[in-house]
Amino acid sequence: MKSEREILMKDNIKKEIDDNYLSYVSIIVATTTEENALKKMYEWEEITFNGDSQTYYITSIIKDGIEKKLVYGRQNEMGMVAAVTLTMKIIEHFKPQYIIMAGIAAGIAIEDDNEQIYGDVLVANKIWNYASGKFVSPNKTEIRFGNIGFIPRPAIVKIDEEMLSYAKKAAASPLNQCHVHFGMMATGSAVVTNREIVNKQIHRMFKETIGLDMEAYGVVYATQNATFPRPKALVIKSVCDYANNEKSDQYQKFAAYTSCEFVKLLIEKFLPV
Amino acid sequence: MKITRKIENNELILTINGRLDTITASIFENELKNIYETTNLVIDMKNLEYISSAGLRVILKIQKIINKNGTMKLKNVNENVMEVLNLTGFSDFLAIE
Numbered sequence: 001m002k003s004e005r006e007i008l009m010k011d012n013i014k015k016e017i018d019d020n021y022l023s024y025v026s027i028i029v030a031t032t033t034e035e036n037a038l039k040k041m042y043e044w045e046e047i048t049f050n051g052d053s054q055t056y057y058i059t060s061i062i063k064d065g066i067e068k069k070l071v072y073g074r075q076n077e078m079g080m081v082a083a084v085t086l087t088m089k090i091i092e093h094f095k096p097q098y099i100i101m102a103g104i105a106a107g108i109a110i111e112d113d114n115e116q117i118y119g120d121v122l123v124a125n126k127i128w129n130y131a132s133g134k135f136v137s138p139n140k141t142e143i144r145f146g147n148i149g150f151i152p153r154p155a156i157v158k159i160d161e162e163m164l165s166y167a168k169k170a171a172a173s174p175l176n177q178c179h180v181h182f183g184m185m186a187t188g189s190a191v192v193t194n195r196e197i198v199n200k201q202i203h204r205m206f207k208e209t210i211g212l213d214m215e216a217y218g219v220v221y222a223t224q225n226a227t228f229p230r231p232k233a234l235v236i237k238s239v240c241d242y243a244n245n246e247k248s249d250q251y252q253k254f255a256a257y258t259s260c261e262f263v264k265l266l267i268e269k270f271l272p273v
Numbered sequence: 001m002k003i004t005r006k007i008e009n010n011e012l013i014l015t016i017n018g019r020l021d022t023i024t025a026s027i028f029e030n031e032l033k034n035i036y037e038t039t040n041l042v043i044d045m046k047n048l049e050y051i052s053s054a055g056l057r058v059i060l061k062i063q064k065i066i067n068k069n070g071t072m073k074l075k076n077v078n079e080n081v082m083e084v085l086n087l088t089g090f091s092d093f094l095a096i097e
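Listed in order, the protein sequences are those of chains A and B.
Per the numbering used here: the first sequence = residues 1 to 273.
Per the numbering used here: the second sequence = residues 1 to 97.
It is possible that some hints are incorrect.
EDC-like cross-link-like pairs, simulated, lysine to aspartate or glutamate; straight-line CA separation at most 16 Å [claimed, not checked]:
#1 B:LYS61 - A:GLU115
#2 B:LYS64 - A:GLU45
#3 B:LYS64 - A:GLU246
#4 A:LYS207 - A:GLU196
#5 A:LYS232 - A:ASP160
#6 B:LYS2 - B:GLU31
#7 A:LYS207 - A:GLU111
#8 A:LYS40 - B:GLU31
Hints were generated in silico from the structure; no laboratory data involved.
Please read all numbers here as calculations on a predicted model, not as lab measurements.
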């Protein structure tokens, strides 16, 4: 005979699976520059919850004659831990159908005929955590930083193909004003201003990596491991620097602007209701 | 979009008429391909009605090339275009008069 606790757990699980999405799209940003760009896109209303220090912002759009809720939240700090925490809280509070990470990233594509310019939009098809691995003696690996060796153990998350198809349609649309690149992105916990890191730690593993940020892996991992109803995720970030010693904040506003502009187009015209 | 050119006081002055968006940005870029030797470029925006991200991208590409040997500046920027330049941070690093 089942205990009372087992029955309650089963009932709770059934309830969660039966729940519908409560909002359409939730957008996650990590910095105030990204938030400022997003704020210009819509009229947002502030919303808070008892027992949660995070502030969220909500608005609605009419799509196919139906009112659809949009939500955004800005991380309290940069990085994957804050990204996962905010993603999970947004899923818990708003049960969004889609989660989009918008903002800025480093463009690190190996130069070919597909030149990356500041403000170009990067849509991730896979994201890997390049910081995952093991520090060892330098004689145990080919990846060395002085007297420290590093053996990578990359973990990869893949973006849903259906989500990518919507982004591809948006990119090919005559309504699109942005130059969009699709490819692999890498996430790590530090700001990179040294191309040696890119060459040794990132391109050595996956030379097709086109972008670098500090959050995307966490957001997608969190959505893919969330409880039902599970949202689908997309990462749309724009190039603000090249992760080299010339890195500056000069192009961050433009990159945040193009990222949010493409996100807006995708939401309003290409994501299904 | 229509572009007119004139040389004045050792400066090449390009006047853009109309909209600089995803459709016209490539035309603008092609128009500029043979002026990359120019050391001093002025883009007159008095008749520019609208600039999108695609137009700003071309401006960035030109600036990157011109800055190696010369200067680039924008002039007669109207209120609508200036709002976009402010929003995107372009007004922080471009020479505008």
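Here is how each hint holds up against the structure:
Pair hint LYS61 (chain B) plus GLU115 (chain A) holds up; C-alpha atoms about 11 Å apart against a cutoff of 16 Å. Note on LYS64 (chain B) and GLU45 (chain A): the hinted pairing is violated, with a Cα-Cα distance of about 40 Å set against a maximum of 16 Å. Taking the CA atoms of LYS64 (chain B) and GLU246 (chain A), the gap is about 14 Å. The hint holds against a cut of 16 Å. With a C-alpha separation of about 14 Å, the suggested pair LYS207 (chain A) and GLU196 (chain A) falls inside the 16 Å cut-off, and the hint holds.
As the CA atoms of LYS232 (chain A) and ASP160 (chain A) are separated by approximately 7 Å, the hinted pair is consistent with the 16 Å bound. Our distance criterion of 16 Å between C-alpha atoms is met by LYS2 (chain B) and GLU31 (chain B), whose separation comes to about 10 Å. Using a Cα cut-off of 16 Å, the hinted pair LYS207 (chain A) and GLU111 (chain A) holds, with the two alpha carbons roughly 11 Å apart. Among the hinted pairs, LYS40 (chain A) with GLU31 (chain B) is inconsistent with the structure: their alpha-carbon atoms are about 33 Å apart, more than 16 Å.
Checked against the numbered hints above, the structure violates hints 2 and 8; every other hint is satisfied.
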